[in-house]
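**Student:** Next come the chains, spelled out residue by residue.
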Amino acid sequence: MIILAFSGFLIGTSLILIPLILHLLKLKPRVPQAYPALIFLYATVAKRQSHNRLRKFIVLLLRCLIFSLIALAFAWPYLTDIVQEPEEARILLWDNGFSMQDESVNSYLKDKALNILQSADVKHPLALGVVTERVKWSGDFSADSRKLEEWFRDNSKSYESSSFREAIRQADHKLKGISAKKKKIIIITDRQFLPWENVDLKQPLSPETDLEVIMPLERTAIKNTAITAVKSQSEYFSPKQKIILKINLRNFNLEEVPANLLVYLEDKQILKKPLKLAPNSILLEHAELTAPPEALRPLAGRVELRAEGEKLLIDNIHYFSINPITEPRVFLTPLTAKNRVDFIKIALMPAKTWYEKVNPSFHDLTTTTTFENIKDANLLVLQDLKLFNDQLTEKIDKYLESGGNVVIVWQNNTETAKMLKHFDIEIIKKQNRGVQRFEMLDFEHTIFKHYLQVSAGAWFDILFFDVPTLKFPTKTKILAYFDRQIPAITECHYKNGKVFVIASELDRKHTNWSTFGSFLPFWRELLLYSERKKQSVYSLRTSGGKMFWQEKIAVTQMGKTDAEIKDFLRLDTPGNYMVKSETKNEIYNVNVPEKESFVTLLPTTYDYQKLISNEKIQATETVTVKQKNQLQSIQHAKNYWWILLLLAFVLSFFEIMLANRTAL
Amino acid sequence: MVNRSEAIISEFLDPEILSALPSLEIQARYLVSGFLAGLHQSPYRGSSVEFKELRDYQPGDSLRIIDWKAYGRTDRLQVKLRDEQTNLNAYILLDRSASMNFAGPEANMSKWRYACSLTAALLLFLHRQNDAFSMSTVSNGLEDFIRPGSKTVLFQRFLKQLHHEADATQCDWNMALEELANVIQQRSIVVMISDFYTDLEVFRKHLDHLRFMKCEPLFIQVMDPIECDFNYDDPVLLQDIETGERLTLSPDLIRKHYKERIEAHINGLADLAKRNGGDHLLLRTDSSPIKALGSYLALRSRRFK
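From first to last, the protein sequence lines stand for chains A and B.
This note's numbering applies: residue 896 is where the first sequence begins, and numbers increase by one.
This note's numbering applies: residue 1143 is where the second sequence begins, and numbers increase by one.
Incorrect hints may appear among the rest.
Mimicking SDA-like on lysine to any residue, the simulated pairs with C-alpha atoms at most 25 Å apart in a straight line are [claimed, not checked]:
id : chain 1 : residue 1 : chain 2 : residue 2
1  : B       : K1398     : A       : A938
2  : A       : K1031     : A       : E1489
3  : B       : K1398     : A       : F952
4  : A       : K1393     : A       : F1266
5  : A       : K951      : B       : E1402
6  : A       : K1069     : A       : I1081
7  : A       : K923      : B       : I1383
To be clear, the hints were calculated from the coordinates, so they are not data collected in a lab.
The following block holds chain A by itself, in its conformation from the complex:
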């Protein structure tokens, strides 16, 4: 129906029309004027007058229409399927957490919801919101129960968790936008405590708003077991590699539950294990997978927990993905001195156990090495620069520009001095005679932090001989000092990368550090710290949102034959998703949020009625509130005032064309 927001303008129209018509009537002349040549006018007038009568009528009609349209536009007609002030405006909030899919409560609550939706009419308009961590609204208040029902069926199932904290506030605010004799919020939820967790009962609803909560009649907890997490314990970096999966299970029941644990890798069952889940317990299981023998590729799998008497099945399937990692590349300048042992290279080589990360690959950095060779390297170690010229500096600069990391190991030669000078590092003294030890170490730094958990003491026994005194730019971080505040290990950001300086030669002549246990972990931590590619987070939880990437990607849900290819990752449905682009070929897994599996009941003492305000609206405020509400409610209503004005404008063109001062 069409309702006029400001009908007073129409009265104004009729007032305008009165003088208009009077004015037009007055135009008829009364006083005759003498004229000699009427004979020439008779024939012309006879022909034209009949047309003129019709034309005059049309012009008058057009003028009246134009005024009426303008007045109507100002009267602001708007379309609505509800009456101006309905009896009761209601909002239905449907708890859309996945725990609502428990079969024992779902049909009962759905029937309740449908009954409420079917009662929507012009005097009892309704708006529907489905609640997860956010609220999704059906739109403005509507009297179309069929449409509401349809929307409800399309949107009332989710794999997410739910929270009423924002939903109740939004519903209250939405009700302020409609003028109604009564207002009500109806919440339909299972008896789970989770959605009420962060609701502030001290903040009541608006004075005119009532609240009703519909829950299952029985206070029985849902029988639930769940897989809360699945994680690969090692990186996947080689064919036929053994990978251990760590599986977290939870039994929320108060009794023991027998179950079967099934693990699938690429739809092939690799484990079936019967279990007995202790009452209200957490259980940790492992599964060993073998990577395929062919070339490295992303692997997808799932874990299922089939428990007896299970009511909530959604959290009994957990998807996982294992994406291979690329080996780190390290370039080192070969040592020119004879019989020199490359301690750094040795330190970076990991022990061959299956708990270690993938082996780094080592490459010589020579005069013939191009930028293309080094551009993806994790680390460049410049420990001997004797053979290098200025061209190396250019490549290093370019490499740092691309986000690389460089370690400069001190050598007392011109080439090293030049290189240091390039980075604004000044040599104050080439040799400090005597022995130096570490005086201070920044154990908060990532490189030292993990090691500190094991041992700190041995650092200060390491001996260094003939160390230089270097002066660094002001923004340099000193990770370690020698005695007398001589910088020993530094880190400086340069362009987009990092430059580390070890202010000592590392051969046996100048230090015994390589014999200490801290030498290996230092270099390994340094390598880890220099990792260029951040490991992506492949495990995600359902949230109703979407994930986008800067580059163009194609996402398909795995395990579905007719899966649609999208350019974003949707996070509303659990599953494994293949994400492909020019640089990417990875599998992301999406699972239900862990917290929704916690089926803690709402305590009996929980008094949600506190949300209902005790205040009454003051009588004097009613009119203002009503007006304000009306304005709020119509601002988003469908209205076509612009069409009316446009029509008036178009008609005025016709009026100008047809009219003349003589229109009667």
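Since chain A is already given, all that's left is putting chain B on it; use the hints.
**Tutor:** Chain B alone, transformed into the frame defined by chain A:
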């Protein structure tokens, strides 16, 4: 002592304007151009007919009127013109219908007053050049017709007639021209001054006769600017001056068509005049009658030389 003629004339013509005009002559087409072959012999043969002047021989002239003596003297062929061949008879017919009393907002004077000024000027020019002239008003026919003469008394009498009002209920040109046909002399000029709000067919048959009589018709059409342009702004209630009929109309609606009809009528009249060896002059009452007439006569003189 003020000349009586001058006193009357000054009622119609501004002496200043009059004096500023060059000496104008009204000449009849047939007399001046002499292009008609075989001028009729003067009925007044004999020694009582005065020799007026010589002019050069033109092909078509009768051998009898060649002045052989002048040829002997000058070796040029010349013909003798007699009085009756040089005298102009001018008949001025002035429309006295009520429609001539109209004066629009832009006009300097009414059409009647304007026409009287023109008539007075014409009479003056004719009197000055000693031509014979006659003037009568037209209503139900010719009113107070007097044969053409050149005497001053006649001149003064005609001027006094201009004091009449234009209050005739109609202007019957048919009757007037029929009456004129009975009395008109050959090689005369007939000047009709009117707004000519009449059917042009009325003139057609009479113009044939005039052409036969070698008379030149001159239509001087006097119109008010509002009759030409119909520049009314607002809706207007018009009343016919002669019939009293009324008509309410919207000027914007009919202006264009009205002007087309008026122009067609004016062009029809002009065409009619030209086809019958005459002339047509349209004068608006927002212009000076003497200046307008003077411009026309000057142009006419150049044409005939």
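**Student:** None of the hints should be skipped; say for each whether it holds.
**Tutor:** Evaluated hints:
In summary, the hint linking B:K1398 to A:A938 is supported, as the alpha carbons are separated by about 13 Å, within the 25 Å threshold. Between A:K1031 and A:E1489 the alpha-carbon distance is near 22 Å, which keeps this suggested pair within the 25 Å criterion. For the suggested pair B:K1398 and A:F952, the alpha carbons sit about 22 Å apart, so the restraint of at most 25 Å is met. For the hint pairing A:K1393 with A:F1266, the CA-to-CA distance comes to about 17 Å; that is within 25 Å, so the pair holds.
Only pairs whose Cα atoms come within 25 Å are accepted, and A:K951 paired with B:E1402 is accepted, the gap being roughly 24 Å. Straight-line distance between C-alpha atoms of A:K1069 and A:I1081 comes to about 13 Å, which keeps the hinted pair within the 25 Å bound. Pair hint A:K923 plus B:I1383 holds up; C-alpha atoms about 21 Å apart against a cutoff of 25 Å.
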